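Number of protein chains: 2
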Amino acid sequence: MISIAVLGYGTVGSGVVEVINTNHRHINRRAGEEIEIKYVLDLRDFPGDPVESILVHDYNIILNDEDVKVIVEVMGGVEPANTFVRQALMRGKSVCTSNKELVAKYGAELLAIAKEHNVNFLFEASVGGGIPIIRPINQSLTVDHIDEISGILNGTTNYILTKMADEGLSFDTVLKEAQEKGYAERNPEADVCGYDACRKIAILSSLVYGKQVDYEDIYTEGITEITKRDFEYSNLLGTSIKLLGTAKKIDDKVYAIVAPFMIDENHCLIGVNGVYNGIFLHGDMLDNVMFYGRGAGKLPTASAVVSDVVDAVKHRHTNIMTIWKPEKKELGDIRHFRCGFFVRVKGRNIESAITDAFGKVKFVELGDNEEETAFLTETMEEGVFHEKIQAFDLITRIRTTF
Amino acid sequence: MISIAVLGYGTVGSGVVEVINTNHRHINRRAGEEIEIKYVLDLRDFPGDPVESILVHDYNIILNDEDVKVIVEVMGGVEPANTFVRQALMRGKSVCTSNKELVAKYGAELLAIAKEHNVNFLFEASVGGGIPIIRPINQSLTVDHIDEISGILNGTTNYILTKMADEGLSFDTVLKEAQEKGYAERNPEADVCGYDACRKIAILSSLVYGKQVDYEDIYTEGITEITKRDFEYSNLLGTSIKLLGTAKKIDDKVYAIVAPFMIDENHCLIGVNGVYNGIFLHGDMLDNVMFYGRGAGKLPTASAVVSDVVDAVKHRHTNIMTIWKPEKKELGDIRHFRCGFFVRVKGRNIESAITDAFGKVKFVELGDNEEETAFLTETMEEGVFHEKIQAFDLITRIRTTF
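Just so you know, the sequences run in chain order A and B. Its first residue numbered 28, the first sequence is counted upward by one per residue in the numbering used here. Its first residue numbered 28, the second sequence is counted upward by one per residue in the numbering used here.
Chain A with its partners taken away, still in its complex shape:
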């Protein structure tokens, strides 16, 4: 029998308890040992809840209990999670977490501490909710040089964008509805401004490239500026607009960016709609690989956390090799990132000026006499685009993957 403790009895924490209780026999069989939740730590009380009898408010009770071999950290936020996790690892307890802020900031350090103490720091649920992605990157995609990892990493924004595309609604209308349905938080900034996706692509690219990618270094744009009219063009073109987190190797430099991209029907992620997430990688041998599933939600996320618990139990005396060094990975200057652009500028009958500036472009007409001209450029450097666009009265520009 292995005792575990769950830190935080919020959505994911209660999901972890539910998953372990519901699929107890199955999980024990897979782990090769019986798993028992000995403690749940939360500042709150939960009178009448089944966890009442195992609820503690003092972390030291857990830390000092030699029986507890695995700790599930699902409190979220950097502190006190960071302190708690360090203490646990140093006491020889493995830690499984869904906490993307913690992993993005201290992943490399915590992995090193885990290695030093011959235990494991696992974080499958920190990216892509229930989608197995961290373990496949670490243990399956070990052969290829990965030159791109791109993902739809945030379910809230993908829900909003899908709804805008399908129903021709404005961002504000859909956001309000998403908030009412509980798909978006009352303060939606972390999602709609891309901060959540930014932490997730920081984690993924750190794992793929083996060094610390600081999320502060990743150029990040949200979806708040995307309009109904952008989707009218996108639908006309048979494309879709998705918030992508991307880390791409171009000429030996890694460029990382979070921004809305227009993707076409040939893109692996074109079918990833609603609250689903999808993560796409390109390797030199494997070519394209894609992973798809529920990127959030109580039970899918909890399932991923518990899969880490199973792994931690199976690897009680072995550190699972994870290559993510604390050395900083210097990212390429975003001005040299290369992509195409969908552009809307004010004015009509300016096609020749546009062609003079951008070379070969594809003009797009909604045919409604609006005083604007829209076009798709070929692939070019960000910096070059920004220079060239100065001569025009820009309404909006969305990067493209095609």
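I should point out that these hints are in silico values taken from the structure, not numbers from a laboratory. Quick caveat, the model's predicted, so the values are computed rather than measured. Careful: at least some of the hints might be erroneous.
Same chains, same label: a pair holds when it works inside one copy or across any pair of copies.
Below 27 Å or equal to it, Euclidean Cα-Cα: the simulated DSS-like pairs (lysine-lysine) are [unchecked claim]:
1. Lys352 with Lys275
2. Lys142 with Lys341
3. Lys255 with Lys203
4. Lys356 with Lys142
5. Lys238 with Lys355
6. Lys280 with Lys352
7. Lys356 with Lys275
8. Lys356 with Lys341
9. Lys275 with Lys325
10. Lys276 with Lys325
11. Lys325 with Lys132
12. Lys341 with Lys352
13. Lys255 with Lys355
Following the hints, put chain B in place on chain A, whose structure we already have.
Chain B in isolation, oriented as in the chain A frame:
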């Protein structure tokens, strides 16, 4: 330094050599040790080929070499692969294979022998080519009760069906073209009759349900009967026809089938086109998860084989737990499998007879005065469908997932 041997220098075997040589440093870093190909076994000679100096014709040289710790079996076919693999495992050598016939037939036994000798029998490349699927099932999807695994598991047939759908061509025309391009074998039976997909879903369902699913027990239909006209209906309906391998739990019984299915735009696998493969699972906690990538091809398959080599090197003295018992999994009688049907019967103005027999159906009209009536049924048992259809002059029926 770890020495390995490659059995078979065909497409995958030469791919394995190429992958290891090309990404040598990267692979060694991931494995934590230097990997050296000490022998390649093949009956043929390859004068002038880089492997000439390490080519052997006698397996005993490899078997008796204590230095060889990992054997890559990529010969294909049940014998002599089976004998060679057994001998290797019993000598304490791990084996990595892409051989689906071998794994489908003897997977459980070979896993047991590997466990007994504290080595590993790994077969990531036997299903889905480069797509990580075996390891995720074993190590990530450990928490959920999986009630369905369905896949587009054969690239050749998916290429043919995609081409038929997109270009309105007949099966024979596309098959001929696929053979010319090297996408289909001169004897295409294993692919187009579904035998290849059958072995793959046997492997996947054995792993998911933990017991031996014999491929001989799986009801298997190929794609040879699918016509241009079926695709005209399918396109009109906004659906697609795909060869699926499916293992589904209904009322505690597992039903396994390989057959063409009509799938609609909400199906996870709708976007899996051309030579790509996709594998979809549904779990009680995770909901839907999907894995996508190149299901065949020299380098993607070789990449998956080498990822197993890396894993075997990392787990030199530990058997990786894999739950696949040799006990036979009894499958549900296919007559009780439940699905909808797309049906074409001869005759017109027979709607009321059809409705009398099948209850609520959806009629589909191509509008070309052909002497036939087409319709979609609701979900029903196979056996019930077959009884009811007796009263009609059946042209074709394709199962549906919706």
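We went through each hint and held it up to the structure:
1. Lys352 with Lys275: Classified as within: same-chain Cα gap 19 Å, cross-chain 43 Å, threshold 27 Å.
2. Lys142 with Lys341: both (16 Å within a copy, 15 Å between copies)
3. Lys255 with Lys203: within (15 Å within a copy, 47 Å between copies)
4. Lys356 with Lys142: within (21 Å within a copy, 41 Å between copies)
5. Lys238 with Lys355: within (6 Å within a copy, 47 Å between copies)
6. Lys280 with Lys352: Classified as within: same-chain Cα gap 17 Å, cross-chain 48 Å, threshold 27 Å.
7. Lys356 with Lys275: Only inside one copy: Lys356 and Lys275 sit 13 Å apart there, 45 Å across copies, limit 27 Å.
8. Lys356 with Lys341: Between copies only: 26 Å across, 32 Å inside.
9. Lys275 with Lys325: Intra 31 Å, inter 25 Å, cutoff 27 Å: inter-copy only.
10. Lys276 with Lys325: Close across copies (24 Å), not inside one copy (34 Å); limit 27 Å.
11. Lys325 with Lys132: within (23 Å within a copy, 39 Å between copies)
12. Lys341 with Lys352: both (24 Å within a copy, 19 Å between copies)
13. Lys255 with Lys355: neither (40 Å within a copy, 57 Å between copies)
When each numbered hint is compared with the structure, a violation occurs for hint 13 only.
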